[in-house]
Amino acid sequence: MFWGCFSYDKKGPCHVYQPETKAEKEDAARRIEQLNAELEPLQREEWELSESMRRTGLRNKRGRKP
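Residue numbers for the sequence shown follow this note's numbering, so the first one is 239 and each next one is one higher.
These aren't lab readings, by the way, just hints derived from the structure by calculation. There may be inaccurate statements among the hints.
As the list claims (entries may be wrong) - DEER-style ranges, computed between Cβ atoms:
{"hint": "1", "residue 1": "Asp-247", "residue 2": "Leu-287", "range": "49 to 55 Å"}
{"hint": "2", "residue 1": "Leu-273", "residue 2": "Pro-251", "range": "39 to 45 Å"}
{"hint": "3", "residue 1": "Lys-299", "residue 2": "Pro-279", "range": "28 to 34 Å"}
{"hint": "4", "residue 1": "Glu-276", "residue 2": "Lys-303", "range": "41 to 47 Å"}
{"hint": "5", "residue 1": "Gly-242", "residue 2": "Ala-275", "range": "43 to 49 Å"}
{"hint": "6", "residue 1": "Arg-302", "residue 2": "Glu-262", "range": "52 to 58 Å"}
{"hint": "7", "residue 1": "Glu-276", "residue 2": "Cys-243", "range": "31 to 37 Å"}
{"hint": "8", "residue 1": "Gly-301", "residue 2": "Asp-265", "range": "45 to 51 Å"}
{"hint": "9", "residue 1": "Arg-302", "residue 2": "Lys-263", "range": "49 to 55 Å"}
{"hint": "10", "residue 1": "Asp-247", "residue 2": "Ser-290", "range": "51 to 57 Å"}
{"hint": "11", "residue 1": "Lys-263", "residue 2": "Glu-289", "range": "42 to 48 Å"}
{"hint": "12", "residue 1": "Arg-302", "residue 2": "Ala-261", "range": "57 to 63 Å"}
Built from N, CA and C at the ideal position, the CB exists for glycine as well.
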């Protein structure tokens with residue numbers, strides 16, 4: 239994969255990513271699973287609270303009143 243930045247009369251910082259090995263992919267997948275296991279309950283609780291408040295209509299909605 240190639241990442242770069244180009245502009246008029248100048249080439250910006252460029253980086254060429256090396257292909258991942260199977261071990262690196264497995265390690266990254268394990269880390270992602272671990273982060274999901276830690277953060278999902280907290281984020282779900284926060285989302286459920288904000289979603290229930292939005293659905294009850296307690297806040298004024300923008301726009302013209304029907």
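So the hint says 42 to 48 Å: do the beta-carbon atoms of Lys-263 and Glu-289 match that?
violated (34 Å)
For the hint 51 to 57 Å, verify it against the beta carbon of Asp-247 and that of Ser-290.
holds (54 Å)
Distance restraint evaluation - Gly-301, Asp-265, Cβ atoms, bounds 45 to 51 Å
Hint holds: Cβ distance 49 Å, inside 45 to 51 Å.
CB-CB spacing for Lys-303 and Glu-276 relative to the 41 to 47 Å hint
Holds, at about 44 Å.
Taking the CB of Leu-273 and the CB of Pro-251, does the distance hold inside 39 to 45 Å?
violated (28 Å)
Assessment of proposed distance window 57 to 63 Å (beta carbons of Arg-302, Ala-261)
Holds, since Arg-302 and Ala-261 (Cβ atoms, about 58 Å apart) stay within the stated range.
Can the suggested window of 43 to 49 Å be confirmed for the beta-carbon pair Gly-242 and Ala-275?
violated (35 Å)
Against the range 52 to 58 Å, how does the distance between the Cβ atoms of Arg-302 and Glu-262 compare: consistent or not?
Roughly 54 Å apart at Cβ, these two residues keep to the hinted range, so it holds.
Could you tell me whether the CB distance from Glu-276 to Cys-243 stays inside 31 to 37 Å?
About 34 Å separates the Cβ atoms of Glu-276 and Cys-243, which means 31 to 37 Å holds.
Hint check for Lys-263 and Arg-302 - Cβ pair distance inside 49 to 55 Å:
holds (52 Å)
Distance restraint evaluation - Lys-299, Pro-279, Cβ atoms, bounds 28 to 34 Å
holds (30 Å)
Please check whether Asp-247 and Leu-287 have a Cβ separation lying inside 49 to 55 Å.
The hint (49 to 55 Å, Cβ to Cβ) holds, given that Asp-247 and Leu-287 are roughly 52 Å apart.
When held up to the earlier numbered hints, the structure conflicts with 2, 5, 11 and fits the remainder.
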